[in-house]
Amino acid sequence: MYRVLIVDDEPWVACGLTKLIDWKGLGFTIIGEAFDGLTALASIKELKPDAVISDIRMPGLDGLALLDEISSEGIDVEVVFISGYSEFEYAQKALRLGAFDYLLKQIEKPKLIETMTRLAEKLNKKRESFHELDMLNDLFDLFEPDNKIKISNFLLNKGYDFDYPHYRFITGLYPQASTYTMMDKIPSGEGIHVIRFRTGQNKISILINYDEFKHPVGFLDFISALSGFQNIGISTIGVYSTPLSRLYQESDIALFSSFIQEGERVIEYKTADASALLIKNILHIEIAIKERKQDLIRKALDDIYAECASGLFLIDQIASVYNQIVSLIYKYYVNKNEIEYLNYYQIVRLYGSPVQLFESLKAFFELQTTADMAVSNEQVRRIIAQIDASFTEDLLFSELAAQFNISLGYLSQLIKRETGKTYSEYVTGKRLGLAKELLSDASLSVHEVVERIGYKDYFHFNKLFKKHFGLTPSKYRKI
Numbered sequence: 059m060y061r062v063l064i065v066d067d068e069p070w071v072a073c074g075l076t077k078l079i080d081w082k083g084l085g086f087t088i089i090g091e092a093f094d095g096l097t098a099l100a101s102i103k104e105l106k107p108d109a110v111i112s113d114i115r116m117p118g119l120d121g122l123a124l125l126d127e128i129s130s131e132g133i134d135v136e137v138v139f140i141s142g143y144s145e146f147e148y149a150q151k152a153l154r155l156g157a158f159d160y161l162l163k164q165i166e167k168p169k170l171i172e173t174m175t176r177l178a179e180k181l182n183k184k185r186e187s188f189h190e191l192d193m194l195n196d197l198f199d200l201f202e203p204d205n206k207i208k209i210s211n212f213l214l215n216k217g218y219d220f221d222y223p224h225y226r227f228i229t230g231l232y233p234q235a236s237t238y239t240m241m242d243k244i245p246s247g248e249g250i251h252v253i254r255f256r257t258g259q260n261k262i263s264i265l266i267n268y269d270e271f272k273h274p275v276g277f278l279d280f281i282s283a284l285s286g287f288q289n290i291g292i293s294t295i296g297v298y299s300t301p302l303s304r305l306y307q308e309s310d311i312a313l314f315s316s317f318i319q320e321g322e323r324v325i326e327y328k329t330a331d332a333s334a335l336l337i338k339n340i341l342h343i344e345i346a347i348k349e350r351k352q353d354l355i356r357k358a359l360d361d362i363y364a365e366c367a368s369g370l371f372l373i374d375q376i377a378s379v380y381n382q383i384v385s386l387i388y389k390y391y392v393n394k395n396e397i398e399y400l401n402y403y404q405i406v407r408l409y410g411s412p413v414q415l416f417e418s419l420k421a422f423f424e425l426q427t428t429a430d431m432a433v434s435n436e437q438v439r440r441i442i443a444q445i446d447a448s449f450t451e452d453l454l455f456s457e458l459a460a461q462f463n464i465s466l467g468y469l470s471q472l473i474k475r476e477t478g479k480t481y482s483e484y485v486t487g488k489r490l491g492l493a494k495e496l497l498s499d500a501s502l503s504v505h506e507v508v509e510r511i512g513y514k515d516y517f518h519f520n521k522l523f524k525k526h527f528g529l530t531p532s533k534y535r536k537i
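Under my numbering, the sequence shown has 169 at position 111, and the numbering climbs by one with no breaks.
Keep in mind the hints are simulated off the structure, nothing from the lab. Beta carbons: idealized from backbone N, C-alpha and C, even for Gly. There's no promise every hint is true.
Stated by the list, open to error - Here are the in silico distance ranges between beta carbons for each label pair: (1) A500 <-> I442: 15 to 25 Å; (2) S368 <-> L153: 47 to 57 Å; (3) L105 <-> K338: 20 to 30 Å; (4) S503 <-> G369: 52 to 62 Å; (5) Q382 <-> D499: 20 to 30 Å; (6) E320 <-> Q382: 19 to 29 Å.
Work the whole structure out from these sequences, hints included.
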């Protein structure tokens, strides 16, 4: 049975709703009533209903304010509003903010039955999705870096009651295999609680709860038992009040730091400030750029690469260094459209190794002093045709350059001149265009669409889609 809380500042209306339909026959049970918004919010936190039916106009905390509080605290509950004809625009705004539906007063029995039947179907799908640990639509927002939902709120909203004081996220990549087979292989040891999430095509994230002081060996044994993963990233230690997204992001950064720490299978996230030598070398690059001294630019880039390859830094810090250099390019060069700012995930996807990353920077600076090279129209056509034929595959930019036997910098210029976009922008546009077409097919889930267009990280895809089209993929397909 799904649990329902009824909220109305007129007690007789709330009482009437409890008797209007056969709630149990539709799969619901009424767990309580509240007569103002503040009391309703307290009851929602205490009783944890699956659904709330609420008046939209109430003293103190009205319906929209109540919905805003529910969203900001990450409470997982569906809201159906009751409104009068004069409040139609108000009700429409509530729908845009995430309410499930609204009912017009006086509520008609058939309409209430129809709404609750649809709501039961949605809750059934949500429950099935949760039990299969494939909660991608929820996780898109949950693991965003700026999401402030605490571990405590997440656990309470999902009905977990963990015993131990410490939390970590572990994220792993594994070879081609069934995700669900890999999920089943994740151990659960004594003194450790585990929640597993599918966070990519070949990627699983695990929230573990344990006692670092009393039972640290249990954590080490757990890591040792994760034998099926190629690479593993481990977050720092969190507590009940730590934002959930922070630990996830740390584990993800540690995971993809295998790009720079080659040969390391397990990497633990550690904060580190840029070294004095790194800062000094970036300053050297700026001075060399001002003086247009290519040999000094190349030497400074080699020094920065050596520092980054020392193993002391993680991939997000490498991305920060790369973007500082890009900032200098934007500051001092006019012809800068062939290079762009990249986050750590884009760097890993576009470049096969740190060497390739820094070689692309060298190639850019070298091209600034060489004459324009003759551009073969036939060669450009073949390059664009190759991209169009393989944009859903993991074709590294460096591999494309090697395939046509041209430098990374020259390839950038060819693509930019032909398409008006960088390689990354062009491929992203092709993938997102195909995604829009596939999302119109209701038989495909969002994660199936993501896999078909060539992305393995659902969260990166979701952010790109929202950035380009202004809404998430799941909301787009409802239009």
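Hint check results:
no. : hint                      : in the structure
1   : A500 <-> I442: 15 to 25 Å : violated (33 Å)
2   : S368 <-> L153: 47 to 57 Å : holds (54 Å)
3   : L105 <-> K338: 20 to 30 Å : violated (59 Å)
4   : S503 <-> G369: 52 to 62 Å : violated (39 Å)
5   : Q382 <-> D499: 20 to 30 Å : violated (43 Å)
6   : E320 <-> Q382: 19 to 29 Å : holds (23 Å)
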